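*Asks:* What follows is each chain in one-letter form.
2 protein chains.
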Amino acid sequence: MPSDTGSGAALTPTIVFENLQAHQRTAALKAAIELDIFRAVGQGPGDLASIASHAKASERGTRILCDFLVVNGLLEKADGRYRHTPSSAAFLDPASPMCLASMMHFLSLPTLREPFEHLADVVRNGRTVLPGEGTVEPDNPIWVTFAQSMAPMMAPLAGPLGQIVLQGETGPMRVLDIACGHGLFGIEVAKQNPQAHVTGLDWLPVLRVAIENARKAGVQDRYDMLPGSAFDVQFGGPYDAILLTNFLHHFDIDTCVTLLKKVRASIKPGGCAATLEFVPNEDRVSPPMPAAFAMTMLTSTVAGDAYTFKELAQMHTKAGFHDIVAHPIPQSPHTIVMAQA
Amino acid sequence: MPSDTGSGAALTPTIVFENLQAHQRTAALKAAIELDIFRAVGQGPGDLASIASHAKASERGTRILCDFLVVNGLLEKADGRYRHTPSSAAFLDPASPMCLASMMHFLSLPTLREPFEHLADVVRNGRTVLPGEGTVEPDNPIWVTFAQSMAPMMAPLAGPLGQIVLQGETGPMRVLDIACGHGLFGIEVAKQNPQAHVTGLDWLPVLRVAIENARKAGVQDRYDMLPGSAFDVQFGGPYDAILLTNFLHHFDIDTCVTLLKKVRASIKPGGCAATLEFVPNEDRVSPPMPAAFAMTMLTSTVAGDAYTFKELAQMHTKAGFHDIVAHPIPQSPHTIVMAQA
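Chains C and A are the protein sequences, given in the same order. The first sequence begins at 0 in numbering that gives the first Met the number 0 and counts up by one. The second sequence begins at 0 in numbering that gives the first Met the number 0 and counts up by one.
Hints in this document: simulated from the structure, not taken from any laboratory. Misleading hints may appear alongside valid ones.
Identical chains share a label here; the pair holds if one copy fits it or two copies do between them.
Straight-line Cα separation of at most 35 angstroms, DSBU-like style, residue types lysine-lysine; simulated pairs [unchecked claim]:
#1 Lys-309 / Lys-76
#2 Lys-55 / Lys-309
#3 Lys-55 / Lys-317
#4 Lys-317 / Lys-76
#5 Lys-267 / Lys-309
#6 Lys-309 / Lys-261
#7 Lys-190 / Lys-260
This structure is a prediction, so every number in the text was calculated from the model and none was measured.
Looking at chain C on its own, in the form it has when it is part of the complex (with noise of 0.2 angstroms):
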């Protein structure tokens, strides 16, 4: 092999091993989630036996799993025991608030695998390969899975959200929360103020969970639910604020324009749409997790993206909006884009 880059870096084909077998680290978090293997070692005190016992699972197999989740930076090992890095103890332990695990059930849904085995003809045809609309296909089932297993991850963005979005505000507003989900952003506005109402928008099936965290979060009473499509129902209002948090993205800018203008005509004079958004750099290409989620638009969808921010504000502007302000959220992937109406 030669020895140099023009760099002076040695020359090897290690990133293209990884990403060849990438998959596998995949396949191993998950394993690992199914197998409690963060829980075990979490309580410690992290020697094989006791984490395969926990697992009810083989020491070879338990040995060569969690040294593979170790190269994968998943946990440590130090003098033949497992422990957590700071990230596994936070995000994977479910002793921890802030775990993560249950998204597992969401991103391994075959709805969302099965594209990935048909990547070619995905970018050949420039579309899903899943039936209809993909996944916003009306009354998609993933989508109660996704209310019910992503909250953790989005749970974060809310507080930061609801702070943006309320700007100190403390007297009655209205607020309606679109493809709300879980509900934890309409929530959160709602915990923040005391005296904010909100609507959320989604299919039935998702709305009951969003209702059963607005029952959990103590804000039930001040929370309505509006059931159907949010191209196809009647939003009500006007409202003092719309929520549009991880939506946009499924669909072309066109659709992304007609629905924006039917959201600024649900506003009152001097309301607020706030959309929730993977917002990759003009390059495309940065930072990592906004840029790499194009591609699960491209596997899921007939014609979503990851959109820039240029993308956005013009679709703001198209639909009427001004004053068109990106608040991307520290230590995450998002971004919040705030348009006035």
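Starting from the known structure of chain C, fit chain A onto it as the hints suggest.
*Replies:* Frame of chain C; chain A shown alone:
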């Protein structure tokens, strides 16, 4: 989210997200190879329209795929045009003699992929969910695909292996290449020593690939075939050197010792055995590739492993070898273990 870990770095779930979605990276590389994206990028000019045209694919799909490859370090993007990284130029462009893309044929085989769909069960049981002996079931056709498609990964190792085995020896000698596969290692010995005579041992359909490679290398007059299983056939000999490349990892330690005894019995006094392996450090979690290889052995075999040097040395010692020395191959994940009979 908490803002700091003990080390002062921000605590983010990035590594968890990466592992949750890592399967997408393998699918993207596979699709890009199938669509001949890397050749298109190498030919230039690297604009989206010309790459999509070459790939006979939609611009939406091609753009999202290429951006995703950039995120994963497999392409670069500047001023809206895609171009090779040093690694993708060397190892993914079919115009490069070092191109590794054919490896995807082997690594995508259902036999190798399907156990990962049931990894929790594999870990519970401590062995592959494949029937019988897994990938080393007699006459498993995957080894023909291995011989045909993994040669580019092995080719850069052949030169160093030949030099270490021959140590400048140019006189008449006999070499047995056990589980020779593509045959490149024995063929290289024959190329480096014009008086070496090589016998390739493997299942017959695999040997047909090896003999064709021997023909291409012009050494077919000094290349014999010994069809069958290394555990069953008589080796003949005695040999000056016996090669055991990418083979011991499929079996448990006792089986390896049994085989090594048979190997040693077929080596002339003063001769040697040369084993090529992924050899992790004693911690079993470094370096990344040799350590991670244990996962492939867990999923595809009954009792194989990525053995440490200590384990390999013990096996060789039990089989009667002495002066056992590890030779890591620079800029590769492989190590050659030399042992004197």
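*Asks:* Which of the numbered hints are not met once you compare them with the structure shown?
*Replies:* none
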